[in-house]
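Undergrad: Note that the protein sequences, when read in sequence, are chains C and P. Per this note's numbering, the first sequence starts with residue -4, numbered consecutively. Per this note's numbering, the second sequence starts with residue 2, numbered consecutively.
Don't read these hints as lab results, they were simulated from the structure. A few of these clues could be false.
To be verified - Away from chain P, derived, C-beta distances all over 10 angstroms, residues of chain C:
#, residue
1, Glu106
2, Arg364
3, Leu393
4, Gln514
Said to hold, decoys possible - With a cut-off of at most 30 angstroms between alpha-carbon atoms, the simulated DSSO-like pairs for lysine-lysine come out as follows:
#, chain 1, residue 1, chain 2, residue 2
5, C, Lys365, P, Lys204
6, C, Lys334, P, Lys184
7, C, Lys371, P, Lys65
8, P, Lys154, C, Lys365
9, C, Lys334, P, Lys154
10, P, Lys19, C, Lys178
11, P, Lys19, C, Lys387
12, C, Lys371, P, Lys19
13, C, Lys280, C, Lys265
14, C, Lys400, P, Lys65
15, C, Lys288, P, Lys12
16, P, Lys195, P, Lys170
17, C, Lys334, C, Lys365
18, C, Lys294, P, Lys19
19, C, Lys400, C, Lys373
20, C, Lys365, P, Lys122
21, C, Lys387, P, Lys130
22, C, Lys365, P, Lys19
23, P, Lys130, C, Lys371
24, C, Lys294, P, Lys65
25, P, Lys12, C, Lys334
26, C, Lys373, P, Lys168
Cβ coordinates follow ideal geometry from the N, Cα and C atoms, glycine included.
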Amino acid sequence: MSENKTAAYVCKGCGIGDRLDTDQLAKIAESEGKCSLVRQHDFLCNADGVNTIRNDIEGEGVTHVVIAACSRRAKTDAFGFDDVALGRANLREGVIWVRPDAEEARETTQEMADDYLRMACAEIQYMKQPAANQNAGTNKNILVVGGGVSGMTAALEASKAGYGVLLVEKTGQLGGWAAKLYKRVPDREPFADPQDTGASDLIKSVEHDKNITVFVNSSITRTSGAPGQFSIDISAESGETVTENVGSIIQASGFSNYDANQLPELGYGKSPDVVDQAELEQLAKQAADGPIKRPSDGKEVESVVFVQCAGQRSDKQGHLPYCSGHCCNTSIKQAMYFKDSNPNVDTMVMYDDLRTPGNGEDFYRSAQRKGVSFTKGKTHQVNPVNGQLEVKFHDMILGEDAVAKADLVVLATGQVANSGVDIEQATTLEVEDEDGQSEATAEADTSEVQVPVESILNLTYRQGVDLPHLRHGFSDSHFICFPYETQRSGIYTCGPVRRPMDIVQTMEDATGAALKAIQAVENATLGRAAHPRSGDLSFPSFRREGCTQCKRCTVECPFGAIDEDEQRYPVFNESRCRRCGTCMGACPVRVISFENYSVDTVGQQIKTVDMPDEFDEKPRILVLACENDAYPALDMAAQQGLEYSAFVRIVPVRCLGSVNTIWVTDALNSGYDGVMLMGCKKGDDYQCHFVKGSELAHYRMSKIDDTLQQLQLEPERVQTYEVEITDIQRLPTLINEYVAKIDEIGMNPFKGF
Amino acid sequence: MSDVNTAMVQKYRNDFLKEVEENVEEGHWVKMCMQCGVCSGSCPFGPDWDHPPQEIFMMIRAGKRDEVLTTESMWMCTSCYNCIVRCPRELPITHIMHGLANYAHRLGIAPKMNPTRRFSKIFWNNIAKTGRVNELALSLKLYFMDGFMSGIKNALAMAGVGIGMLKTKRLNPFALINHKGVKNPKELHVLLKKAREIEDRRKGIAR
Chain C
-4 MSENKTAAYV CKGCGIGDRL DTDQLAKIAE SEGKCSLVRQ HDFLCNADGV NTIRNDIEGE
56 GVTHVVIAAC SRRAKTDAFG FDDVALGRAN LREGVIWVRP DAEEARETTQ EMADDYLRMA
116 CAEIQYMKQP AANQNAGTNK NILVVGGGVS GMTAALEASK AGYGVLLVEK TGQLGGWAAK
176 LYKRVPDREP FADPQDTGAS DLIKSVEHDK NITVFVNSSI TRTSGAPGQF SIDISAESGE
236 TVTENVGSII QASGFSNYDA NQLPELGYGK SPDVVDQAEL EQLAKQAADG PIKRPSDGKE
296 VESVVFVQCA GQRSDKQGHL PYCSGHCCNT SIKQAMYFKD SNPNVDTMVM YDDLRTPGNG
356 EDFYRSAQRK GVSFTKGKTH QVNPVNGQLE VKFHDMILGE DAVAKADLVV LATGQVANSG
416 VDIEQATTLE VEDEDGQSEA TAEADTSEVQ VPVESILNLT YRQGVDLPHL RHGFSDSHFI
476 CFPYETQRSG IYTCGPVRRP MDIVQTMEDA TGAALKAIQA VENATLGRAA HPRSGDLSFP
536 SFRREGCTQC KRCTVECPFG AIDEDEQRYP VFNESRCRRC GTCMGACPVR VISFENYSVD
596 TVGQQIKTVD MPDEFDEKPR ILVLACENDA YPALDMAAQQ GLEYSAFVRI VPVRCLGSVN
656 TIWVTDALNS GYDGVMLMGC KKGDDYQCHF VKGSELAHYR MSKIDDTLQQ LQLEPERVQT
716 YEVEITDIQR LPTLINEYVA KIDEIGMNPF KGF
Chain P
2 MSDVNTAMVQ KYRNDFLKEV EENVEEGHWV KMCMQCGVCS GSCPFGPDWD HPPQEIFMMI
62 RAGKRDEVLT TESMWMCTSC YNCIVRCPRE LPITHIMHGL ANYAHRLGIA PKMNPTRRFS
122 KIFWNNIAKT GRVNELALSL KLYFMDGFMS GIKNALAMAG VGIGMLKTKR LNPFALINHK
182 GVKNPKELHV LLKKAREIED RRKGIAR
């Protein structure tokens, strides 16, 4: 690219021409915006308008285009010029739709439009059209870790779509838990009887699939690289190791059974006739279609009690706080094992809340018809008495304690995710060691003895060997906004490692993860970002001379995309990057930038705003709004005709995490009276598209108070808000209230300096 | 305790659910209850019952035979059918309640002084005698159920209604003498006896 040539196009459609002085806008673009070509158009997004721009790009060699029309979220198809740097001045949603069409408002509205045009011109001066990542990998194979139902389903689905699959299973055979079941909960009409597990068919299809290479008795001992170019070591039990390359990874490591030995009060360990559900499957398999015999003396079982929620849905120390979802249906199924072979066997299911998701309600009814009895009761003790078991429980309907006798007791224990090493706990310990002082949060519970856990993926990433755990040890990302996405690009989880599930849910989940993995390799090959900035070609780079090796970017990257070299300089793995800019916001010396998004592209927008002096009674308030939720909400507020103050200047940011504090201090230094930061919901139920961005921003801004004090400014001048995309009514109120508050506090004394 | 009752206790031991299934009208539905409690919440007399329907179902499963059969609860049912309409499992709860009451009565362990039970008996004897209800006799029997003094009191309290009915010819004042029954009540008696025999045989009750 030889020389930049900037062109500005001012649209007069949608009422812009009636409400604003577009000649003045054109003049500003020319003089202040330094645009060599300025055109006005009556209807820019129609074929003629778009052609005008296209002709200028091709004929006049325009490299940078400013479109002063509607929001950057509107008309993206018409204005999708991906061979030039593109800036959008939001005159429609940002100005005329949020301002009253009245004579007295005309001046401030025009000022608003002028500023947005200046900002777009300033932004674009510092933007380059990003070229795709040159280091993109091209491997399109998919690694599946785990050979259970979830892993096999994911492998088959990926294979059906034409992708090569490596399937790695730790044990000697495929099938996982499903292969150990006698029968499964039905997945089809009439949902009345247990049915064949289907595991052997699944195994057969995997073994006969030419696209799938199966490694049994093997585990992953090293994973490095990035989407499109992962390098993995697969080590067999014999010690033999092969190195393979893959494009993306599906972790289907499943679950382990909760250790029933932690439930001595329910008789486990005290009598061999107290078993968990997995052990009952074994007994049923041994019995084949005959009567099930109890383990202690081989007597045919005549009465059995199923204790639901054993060691789960409980706040007690060492118990699982969550519901594993499948166990009620599983107990119903197992009770049918007994009833189907002999209707005279007494089968009682002792439940707290019977939860039978999906078509389980039909299955439940079928069991009642077969004579399985259900008692709403809480079991507190199981004791062996005279060769029988005594189940002491509290009947929750009759409100009294009661005792049931049984030959066999089955405990419905929960699923525990096989999610490997809890890296957060591992790193907090590490930090303590290094600094000699405790920076660890109160969460690290040292009183509990930690059992060493084997890593599943053995990632060589800076941030730890496994995927981060979310709640209760499951590796999940946001449940609603982006399921499957983990916090490591190109690695997807499915099945019970994500959340407790049964076979039906697992198969659906595995199919979804396979699609995500395919999407990831395809994007990676083209050097593009994966979710949520799917298709983005830009990636961060840093100015080595300026870097102080502070490590903040590597630590704060929510996706573990940045490693460190021997000298502790950051090493960016472009293909792992999600382009949120959190590293850019973190960098205290501001050396990290994207080609089309940098400290300058935003910083210059802030500086270029025309600042009225202190006595003009026209405050200026900077709004840095997350482009994922806050900015669309503002656009929607405009579409609904809600009005807000003309004193705000809104700058969209990729994520609030990308906000560098220099923007805020610069803004206050150059005379802004207040700064509003709008990010997504943070915390446990976060909605931040980049997981931690919003939280980090809140944290950073809490530290800015010191700076404000030094400047002798009120802390209210910088406010951070959690905003949801549905806050359409709330946002204009929020803005107006803030403007009123600034009015109260008074003008920023730094104006005009 | 009656012989029938002892026989039943011996026959079913502690499997009361099975006993109910085999002997109580619509009793086979009891096992289908899912303990949601909608019936108890819907019953207009719910707060007055010792054991609302949901609880009775649970007691049956828990084998509380004596408590269920001797309770006055199901005698409180007024057959409003709210529970049947609302039950998500479509249990005929009203019918089961009547079935349970009837079964307890037949076993001879239903609460002796329960007014519903006593009125039912009076009504049955009245209608079975001639095939048609003798309303005057029924009212008098009901009023004087608890003795002469309370009978007078009841009759005086209802005097206004009675006179109104006389005026509109809704009450035959001479019914005690000239009540008209069916043409041949003897045949009706044979019929009823046979029906009882068949039912007892079906339910396995020896007379």
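Undergrad: Could you run down the list of hints and mark each one as holding or not?
TA: Evaluated hints:
1. Glu106: holds (63 angstroms)
2. Arg364: Violated, since 7 angstroms does not exceed 10 angstroms.
3. Leu393: violated (6 angstroms)
4. Gln514: holds (42 angstroms)
5. C/Lys365 to P/Lys204: holds (22 angstroms)
6. C/Lys334 to P/Lys184: violated (55 angstroms)
7. C/Lys371 to P/Lys65: holds (16 angstroms)
8. P/Lys154 to C/Lys365: Distance ~55 angstroms between P/Lys154 and C/Lys365 Cα, so the pair is violated.
9. C/Lys334 to P/Lys154: Since the Cα atoms of C/Lys334 and P/Lys154 sit roughly 60 angstroms apart, the hinted pair is violated (cutoff 30 angstroms).
10. P/Lys19 to C/Lys178: Holds: P/Lys19 and C/Lys178 sit about 29 angstroms apart, inside 30 angstroms.
11. P/Lys19 to C/Lys387: holds (23 angstroms)
12. C/Lys371 to P/Lys19: holds (20 angstroms)
13. C/Lys280 to C/Lys265: Judged against 30 angstroms, a Cα distance of about 24 angstroms means the pair holds.
14. C/Lys400 to P/Lys65: Since the Cα atoms of C/Lys400 and P/Lys65 sit roughly 16 angstroms apart, the hinted pair holds (cutoff 30 angstroms).
15. C/Lys288 to P/Lys12: With Cα atoms ~28 angstroms apart, C/Lys288 and P/Lys12 stay inside 30 angstroms; holds.
16. P/Lys195 to P/Lys170: violated (37 angstroms)
17. C/Lys334 to C/Lys365: holds (7 angstroms)
18. C/Lys294 to P/Lys19: OK: C/Lys294 and P/Lys19 at ~25 angstroms, within 30 angstroms.
19. C/Lys400 to C/Lys373: holds (15 angstroms)
20. C/Lys365 to P/Lys122: Answer violated: C/Lys365 to P/Lys122 is near 38 angstroms, above 30 angstroms.
21. C/Lys387 to P/Lys130: violated (54 angstroms)
22. C/Lys365 to P/Lys19: holds (13 angstroms)
23. P/Lys130 to C/Lys371: Since the Cα atoms of P/Lys130 and C/Lys371 sit roughly 48 angstroms apart, the hinted pair is violated (cutoff 30 angstroms).
24. C/Lys294 to P/Lys65: holds (29 angstroms)
25. P/Lys12 to C/Lys334: holds (22 angstroms)
26. C/Lys373 to P/Lys168: Roughly 64 angstroms separates the two Cα atoms, so the pair is violated.
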